[in-house]
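**Q** From just these sequences and the hints, can you work out the full model?
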Amino acid sequence: MMEDRTEKLVEKLVENQDAIERLIDKIIMLEKTGAIDTLADLASFVKVAEDTLSDEIIKKNAELVANLGLISAKFTSDNALRLIDAVGDAICRCDKEPEPVGVTGLLKALNDPDVKYALGFLINVAKALGKALRERA
Amino acid sequence: MKRIVILGGGVAGTLTANYLVPKIRGEIRDGNVEVTLITDRPYQVYEPGFLYLIFNRLGEAELKRDIRELLDPAVNIVIDRATKIEAENNRVVTENGVYDYDYLVIATGARVVPEEIPGLKEGGHWFYNFEGAVRLREALAKFTGGKVVVSVMGVPHKCPVAPMEVSFILHDFLKRRNLRDKSEILYTYPINKIFTMDPVVEMIQPMFDERGIQYKTFFNPLEVDAKNKKIITLEGEEESYDLLIAIPPHRGAKVVEDSGLGDKGGWVPTDRYTLKVEGYENMYALGDATNLPVSKAGSVAHFQAEVVAENLAAEIEGIEPTAMFNGKAFCFIETGWEEATYIWFDYYTPPQPVMPSKFVHFVKMAYNKAYWLTARGLL
Ligand SMILES: Cc1cc2nc3c(=O)[nH]c(=O)nc-3n(C[C@H](O)[C@H](O)[C@H](O)COP(=O)(O)OP(=O)(O)OC[C@H]3O[C@@H](n4cnc5c(N)ncnc54)[C@H](O)[C@@H]3O)c2cc1C
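Keeping their order, the protein sequence lines are chains D and X.
Per the numbering used here, the first sequence starts with residue 1, numbered consecutively.
Per the numbering used here, the second sequence starts with residue 138, numbered consecutively.
No lab work stands behind these hints: they were computed from the structure.
Do not take every clue at face value.
[To be verified] Covered stretches of chain X, going by a simulated chain D footprint (3 or more residues, C-beta under 8 Å): (1) 207-220; (2) 425-435.
[As the list claims (entries may be wrong)] Calculated Cβ distances over 12 Å to all of chain X for the following chain D residues: (3) Glu7; (4) Asp18; (5) Glu21; (6) Val65; (7) Ala73; (8) Asp112; (9) Pro113.
[Said to hold, decoys possible] For lysine-lysine, the following DSS-like pairs were computed, each having C-alpha atoms within a straight-line distance of at most 30 Å: (10) X:Lys312 with D:Lys74; (11) X:Lys201 with D:Lys127; (12) X:Lys279 with D:Lys60; (13) X:Lys139 with D:Lys127; (14) D:Lys74 with X:Lys139; (15) D:Lys59 with X:Lys495; (16) D:Lys131 with X:Lys139; (17) D:Lys12 with X:Lys495; (18) X:Lys312 with D:Lys60; (19) X:Lys391 with X:Lys139; (20) X:Lys495 with D:Lys60.
Quick caveat: nothing in here was measured; it's all calculated off a predicted structure.
Don't be surprised by glycine CBs; every beta carbon is placed ideally from N, CA and C.
**A** The structure is reproduced here in structure tokens:
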């Protein structure tokens, strides 16, 4: 019985000699560089993940990533990126404390060429937004 | 102005649009090119999810997504059913309009035709479309034991590995419900082995044996006797069943057949490397719609979309199109309720499955939710 098993084992080793030699070289390299300890740690990490995660958790997280990804794809398309970049600059540069503005204040602000330009942008966005909302209605 | 029309809003059409548009965004903005995608429903369906829906592991709403969420905003979307492709006039006729094109991409997919096996609609179930999957979910929930036959009734069919997967998951499903001892599972396949690819057979067949999943090969159903619950085959066999899960025959899209562009199965004759429709310089076909001897799988549509988008963009820019499809396919294979393996292969490389593991199953579970990022061209 024992001999039978040994014989089979030897047969397998001979059959796969090339693969086993390559494997041994790799194991030696991993051991010498210390990478084998990292691999063992990694395996434990994957094992903990496997043992504690569930289909439900995986689904929830993947859904979150998918939704964020779909939205971010729109915000990072080249044109949107340029405009959002400008919004970012505006927020960073705007160091004034806000003050309440009434109708008169609003009219006065409308004389400012920068405000006029920003309003043009907002109107463009409003137009496109209206269309997008109607398409989804 | 150059007009590109993409017909079909499945994996193939959506990905082609999403890969193409960023490459020619300047031309679109300048009004030199228009990309229009015509599809007959306002949402996309994630079909691989049907395999989970039938065991109530994913719900209907999780398998659909508004096509607008998935497409680059520069794509002109038309929700309408195409009735005819007039290749000689370079235009597509829909129920509500006519669309001229300079380039056409046919991505109309495949459809299941259970009616081609007499008695199947009355006597059997399938999970290859929404209605079928929902009906099968109900039947499985009510199943109290007996003989389940998983029968492949025609090739080619979508996702070649799905029949094996459903058998494995079913085995665990019945075990979890304490019904496995009272049940038999029989898997049937039309050719002389349980799957077309030998390395897959070598791995899967012993796994079937271990689980007591029986199989019959050279099994070509001709009709289903719904009253007596029997399958009758070309080989003259009769096989009884209590629950029949069939993989129905498939055909190409109706519009392809009606336009005289399909072969006898309704598949579009397509060059296996360039993906151009044979005989037409300005028509591409990809995804399930083609006659190519590659798997009808979303992953294939994905890899093909990269090629079609690159070549179309090159043609628009006046550059020689050089991208070629290498036959690549990737398929997960669920081998139980919570373990899976996967294969990939191409025209030159045979598949080599890895050891099934829970980890691969988790990756698939995550992908079921993250698939929409693939449609968007991000994953
Ligand atoms: C149960 C099941 C499990 C699967 N599992 C996997 C898997 O694990 N991995 C994998 O890679 N693949 C899998 N697949 C296969 C995958 O879903 C398909 O290969 C993929 O959907 C093909 O994409 P497509 O765009 O070519 O066709 P489809 O997704 O079918 O899209 C075709 C589109 O064209 C539209 N259309 C058709 N005719 C017209 C017309 N006349 N006018 C306008 N629009 C039209 C349709 O509405 C549809 O939106 C599975 C399939 C099934 C059924």
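**Q** Compare the structure with each hint and give your call.
**A** Tested hints:
With 3 residues bearing a CB less than 8 Å from a CB of chain D, the region 207-220 of chain X meets the requirement of three and the coverage assertion stands. A count of 0 residues in the region 425-435 of chain X with a Cβ less than 8 Å from any Cβ of chain D is obtained; the coverage claim is therefore unmet, three being the minimum. Every beta carbon of chain X lies more than 12 Å from that of glutamate 7 of chain D, the smallest distance being close to 22 Å; the non-interface claim holds. Residue-level check passed: aspartate 18 of chain D sits 17 Å from the nearest beta carbon of chain X, beyond 12 Å.
The beta carbon of glutamate 21 of chain D is kept farther than 12 Å from every beta carbon of chain X, the shortest such distance being approximately 20 Å. A Cβ of chain X approaches the Cβ of valine 65 of chain D within 12 Å, the least distance being about 6 Å, so the stated non-interface status is violated. Chain X draws alanine 73 of chain D into its interface by the beta-carbon criterion, the shortest separation being 5 Å against a cut-off of 12 Å. Aspartate 112 of chain D, annotated as away from the interface, keeps every beta carbon of chain X farther than 12 Å; the closest lies near 29 Å.
The beta carbon of proline 113 of chain D is kept farther than 12 Å from every beta carbon of chain X, the shortest such distance being approximately 26 Å. Restraint check for lysine 312 of chain X and lysine 74 of chain D: the C-alpha separation of about 45 Å exceeds 30 Å, so the hint is violated. Our distance criterion of 30 Å between C-alpha atoms is met by lysine 201 of chain X and lysine 127 of chain D, whose separation comes to about 28 Å. Restraint check: the Cα-Cα separation between lysine 279 of chain X and lysine 60 of chain D comes to about 28 Å, which is no more than 30 Å; the hinted pair holds.
Of the pairs offered as hints, the one joining lysine 139 of chain X and lysine 127 of chain D holds, with about 27 Å between alpha carbons and a cut-off of 30 Å not exceeded. Under the criterion of a C-alpha separation no larger than 30 Å, the hint pairing lysine 74 of chain D with lysine 139 of chain X is consistent with the structure, at around 25 Å. For the proposed pair lysine 59 of chain D and lysine 495 of chain X, the alpha carbon gap of about 15 Å is at most 30 Å, so the pair holds. Simply put, lysine 131 of chain D and lysine 139 of chain X have alpha-carbon atoms about 25 Å apart, close enough for the 30 Å limit, and the pair holds.
For the hint pairing lysine 12 of chain D with lysine 495 of chain X, the CA-to-CA distance comes to about 28 Å; that is within 30 Å, so the pair holds. As the CA atoms of lysine 312 of chain X and lysine 60 of chain D are separated by approximately 26 Å, the hinted pair is consistent with the 30 Å bound. With a CA separation close to 27 Å, the supplied pair lysine 391 of chain X and lysine 139 of chain X stays within the 30 Å bound. Restraint check for lysine 495 of chain X and lysine 60 of chain D: satisfied, since their Cα atoms lie roughly 18 Å apart, inside the 30 Å limit.
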